Amino acid sequence: MKKTILILFLIINLQGNAQQNILEKLLTENPEYFKHLTESPEKYRLQIVYTQINRDPKNIPSFTTYKYRANPEEYFYPASTVKLAGSVLALEKVNSLKKYGINKFSPMITLKNSLHQTAVNIDTTSESGLPSVAHYIKKILLVSDNDAYNRLYEFLGQKQFNEEMKSKRFEGVRFTHRLQIALSKEENQRTNSIKFLKSEDTSKVLWSQEEQVNASNIESEFPILLGKGVMNDTGIVENRPINFSQKNVFPISEQHEFLKRLIFPEAFTKEKQFNLTNDDYKFIYRYMSQYPTESKFPNYLNDTTIYSTYCKFLFYGSDKTKEPNSQIRIFNKVGDAYGFLLDNVYFVDFKNKVEFFISAVLLCNEDEIFNDDKYDYETIGFPFYKNLGKVIYEHELKREKKYLPELSKFKFDYNE
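Throughout the sequence shown, residue numbering follows our numbering, covering 32 to 447 in sequence.
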């Protein structure tokens with residue numbers, strides 16, 4: 032009997048190890064794409080999480096997740112990936128204000144309370160000419176607009192933003208600042224006052240929020256030092272590491288979990304679901320997967336820096352293809368800053384009934400100098416994501432599934 036138990040234990044362990052190594056196996060089986068990274072993963076701070084999705088007869092998904100060096104203790108700068116959390120939590124907050132007649136399309140005016148703050152009264156890129164939570168989210172999901180995120184950060188308030196993430200059981204997350212603009216720790220703790228107006232009569236204020244101030248210090252207790260040099264404001268490189276202790280933190284496993292809950296709320300308990308309506312989910316899915324060249328408001332057709340597959344790192348890399356694969360849609364949120372390149376993806380091939388999740392980060396900074404804008408996105412980062420997408424996709428095409436997914440939930444007419 033003991034011998035039988037021992038054999039069963041060994042079989043289970045072998046199966047578990049085989050499962051744990053699938054992602055690593057795919058990386059090592061394709062040395063032409065990944066060997067230079069996997070030989071020095073610490074240098075590139077490479078972390079990947081890959082989730083296979085299987086459906087039951089009722090189309091309910093279940094997940095099998097594989098990780099490569101996903102370590103919450105190994106810091107990376109999350110860049111624009113924080114914007115997806117900001118978008119979802121802003122929608123939740125809007126829903127909590129329904130009793131005032133507010134929805135995501137209601138005009139949202141941002142006021143200025145101090146020298147370092149800026150006000151917003153109009154938005155010429157929106158159909159109404161006015162800013163709103165919905166339009167900010169569009170710009171975030173279509174082209175990763177920084178100002179749009181900052182306005183949602185101000186709407187949420189630093190304290191509430193972090194408390195909401197903690198209440199949803201996301202571990203090791205810290206959102207401390209606006210993006211792209213240099214402000215002190217204290218200035219980022221203070222967020223602008225907000226007014227929501229009635230759409231039909233903008234002279235009427237539906238609800239106001241006073242300036243929010245987070246009195247709690249949420250920066251890291253310890254220095255987070257990376258690199259061997261930092262370029263200062265005068266263009267001189269100082270031979271010292273950069274300190275990220277006051278910067279955002281969003282571990283890759285938590286980003287991956289956030290995306291899974293967003294795409295498949297039905298697979299999670301009520302406590303882990305977001306407080307979003309069905310229309311909210313459709314709204315997010317649409318703009319996560321829409322190409323910016325398909326958008327009317329905002330319209331990016333005259334912007335030479337924007338192309339169809341802009342911000343679709345996984346599978347397309349930096350390819351500026353004018354006609355993306357029509358059977359594939361990528362629901363994602365990317366980030367790039369300080370040499371860190373990230374993507375969080377729910378990948379769908381409608382024709383071949385393929386779906387999977389990938390979240391990844393790597394540092395593209397060979398000279399280890401920060402703030403010099405000499406990062407290796409084109410030579411290291413974008414090829415990595417293109418090849419990773421290709422390898423995982425080809426693996427998923429061959430992977431046997433008992434029940435094929437019904438994916439109509441994720442199909443949209445982007446011409447509407």
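Just so you know, the hints here were simulated from the structure itself, not pulled from any lab data.
Hints may contain errors.
Stated by the list, open to error - Once the Cα atoms are required to be at most 25 Å apart in a straight line, the calculated SDA-like pairs of lysine to any residue come out as:
1. LYS66 x ASP87
2. LYS442 x PRO414
3. LYS74 x TYR408
4. LYS384 x PHE299
5. LYS421 x LYS327
6. LYS301 x ILE91
7. LYS197 x GLU242
8. LYS327 x LYS351
9. LYS382 x TYR408
10. LYS124 x PHE381
11. LYS197 x LEU142
12. LYS313 x ASN279
13. LYS190 x ILE249
14. LYS124 x ILE91
15. LYS442 x ALA368
16. LYS353 x ASP398
17. LYS384 x LEU146
18. LYS229 x LYS301
19. LYS129 x SER198
20. LYS229 x ASN333
21. LYS129 x LYS278
22. LYS199 x GLU250
23. LYS190 x LYS278
24. LYS384 x THR335
Please read all numbers here as calculations on a predicted model, not as lab measurements.
So, going through the hints one by one against the coordinates:
1. LYS66 x ASP87: With Cα atoms ~37 Å apart, LYS66 and ASP87 exceed 25 Å; violated.
2. LYS442 x PRO414: 28 Å, violated
3. LYS74 x TYR408: Holds, at roughly 15 Å.
4. LYS384 x PHE299: Between LYS384 and PHE299 the Cα gap is close to 23 Å, so the pair holds against 25 Å.
5. LYS421 x LYS327: Measuring from Cα to Cα gives roughly 30 Å; hence the hint is violated.
6. LYS301 x ILE91: 16 Å, holds
7. LYS197 x GLU242: 22 Å, holds
8. LYS327 x LYS351: 20 Å, holds
9. LYS382 x TYR408: Roughly 31 Å between the alpha carbons, so the hint for LYS382 and TYR408 is violated.
10. LYS124 x PHE381: Given that 25 Å is the threshold and the Cα spacing comes to 33 Å, the pair is violated.
11. LYS197 x LEU142: 28 Å, violated
12. LYS313 x ASN279: Violated - the C-alpha atoms of ASN279 and LYS313 are around 28 Å apart, more than 25 Å.
13. LYS190 x ILE249: 9 Å, holds
14. LYS124 x ILE91: 28 Å, violated
15. LYS442 x ALA368: 31 Å, violated
16. LYS353 x ASP398: Violated, at about 34 Å.
17. LYS384 x LEU146: 53 Å, violated
18. LYS229 x LYS301: 32 Å, violated
19. LYS129 x SER198: 22 Å, holds
20. LYS229 x ASN333: 32 Å, violated
21. LYS129 x LYS278: 33 Å, violated
22. LYS199 x GLU250: Measuring from Cα to Cα gives roughly 20 Å; hence the hint holds.
23. LYS190 x LYS278: Roughly 15 Å separates the two Cα atoms, so the pair holds.
24. LYS384 x THR335: Violated, at roughly 34 Å.
Violated hints, listed in ascending order, are 1, 2, 5, 9, 10, 11, 12, 14, 15, 16, 17, 18, 20, 21 and 24; each of the other numbered hints is respected by the structure.
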